[in-house]
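A.B. asks: Each chain, written out:
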Amino acid sequence: MLSILRTVWEVFLHAFRPRVTVQYPDEKIPLPPRYRGRIVLTRDPDGGERCVACYLCAVACPVDCIALQATEDETGRRYPAFFRINFSRCIFCGYCEEACPTYAIQLTPDMEMSEYKRENLVYEKEDLQIDGPGKYPGYNFWRVSGVGIGGKDKGEAERESPPVDVHGLLP
Amino acid sequence: MMAVILGVLAAVLTMAALLIWLERRLLALWQDRYGPNRVGPFGLLQVVADMIKIFTKEDWVPPFADRAVFVLAPAIIILTVLLSFAVVPFAPGLVVQDLNIGLLFFLGLSSLGVYSVVLAGWASNNKYSLLGGLRAAAQMLSYEVFMGLSLMGVVILAGSFRLTDIVEAQRPMWFVVPQFPGFLLFLIAAVAELRRLPFDLTEAEAELVAGFHAEYSGIKFGMFFIGEYLGVVLISAMITTLFFGGWLGPVLPPLLWFLLKTFVFISFFVLLRAALPRPRFDQLIGFGWKIMLPLALANLLVTGAVVLGVVPGDARPGRG
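Chains as they are written, first to last, in my numbering: chain A, 1 to 171; chain B, 1001 to 1320.
This is chain A alone, in the form it adopts within the complex:
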């Protein structure tokens, strides 16, 4: 009997406690930087596309929501002709970001992507591409990779020594 009265009193005291509800659209909680939300395609510091259309993200994707087509420009630099993410399928697992060898595909803390029409959830390359380098500001894949593209031959990348001439006799 006493415990019942105590319960009632304790519950009454809850009237003076702060409420735990977050009034979401009016009041937003800060999301951590590593929150897995809307997927973006980032650019190099010099403005070039980071994506080399290697298909690793599409392979890693457990729900097959990424579709792309690789192509090359005249200097031999690979890039996707189209890059499409169907966000109505995407489960925001982040495997594509893990698989990406060039830090091109990244997940951002934006999760307010609701749409009234389902088709609007299919994002094309121009919807995904952002202007900045995302989470890796200094990284420039083509400047550190050994692949030769227009304006940068083999051995000219950062911290790379010139290739060994395998046909030469010098040590």
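Hint data in this document are derived by calculation from the structure and do not stem from the laboratory.
There may be inaccurate statements among the hints.
[As the list claims (entries may be wrong)] What follows is a list of derived Cβ distance ranges for each label pair: (1) A:Leu2 / B:Gly1007: 42 to 48 Å; (2) B:Asp1282 / A:Phe92: 48 to 54 Å; (3) B:Leu1045 / A:Leu121: 28 to 34 Å; (4) B:Val1264 / A:Ile130: 56 to 62 Å; (5) B:Gly1218 / A:Ile130: 49 to 55 Å; (6) A:Gly94 / B:Leu1276: 44 to 50 Å; (7) B:Leu1006 / A:Phe92: 55 to 61 Å.
Think of the CB as a built atom: it goes at the ideal place given N, C-alpha and C, for glycine as much as any other residue.
Based on these hints, arrange chain B on the given structure of chain A.
C.D. replies: Just chain B, lined up with the frame of chain A:
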């Protein structure tokens, strides 16, 4: 007269509708939430939104139900509760019909109110509804007995069944002081009578889906809903009248005092709902018969003995 009737009707129905909002907000307050706060100022228009929803729902009568009784049942609860308000004295002169048997009228109508639940459970032709209805019948029977008895102490002290007389008799002292056990007994009986948590075994959603109103939808369900809230207002008004001096109080106008006291008890019923779990049915019935009934009888006996033995004969209430 007509103005009083219409005024009471309008006020009571508005209060019942607002109580839906109030209960949700208060429950939320005690559970550290906000409750409905988006529609209109403080979410007040949530009631309107709910009304629109419930009015536009399909008014469905199951093909296996006993149609006439099924339709009648929700009307009974509204009818009995609204009729009970006829004897509630809101302020001096502000009472629809000041019957000299007002208290008995209230008790009688609250007993009739249970027919609504029992008939609804029966007419739904659904095993869960029937169980809810049966529980309602047993629960009402058990708790009605000492509900009436717990009020007899008040009647002995006031010497009248007329509710205005009972209020006037509380001028020197509210009856909650000399009749504190009676007050507690009536409070518990009232919760059981209202079929509200913690005694809402008739609709115990964990076991009986929704109990007696499992088959009801649309406006018929709405009537059960409003009937329950009307009942809360009625019982709170009765507690105020019988134990807390009704409209009596300093400074403020009588009607305001009455509404304030009633509001406190309405909030208390919501607090009980927020705080307490539902007992098992055999515990409920056992509690009623084995503890509350003897206590009510003892209270009546002691009150009667004190009034007979202590108060001199010609000063006894109702004799002078």
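A.B. asks: Output the indices of the hints that this structure fails to meet, ascending.
C.D. replies: Failing hints: none at all.
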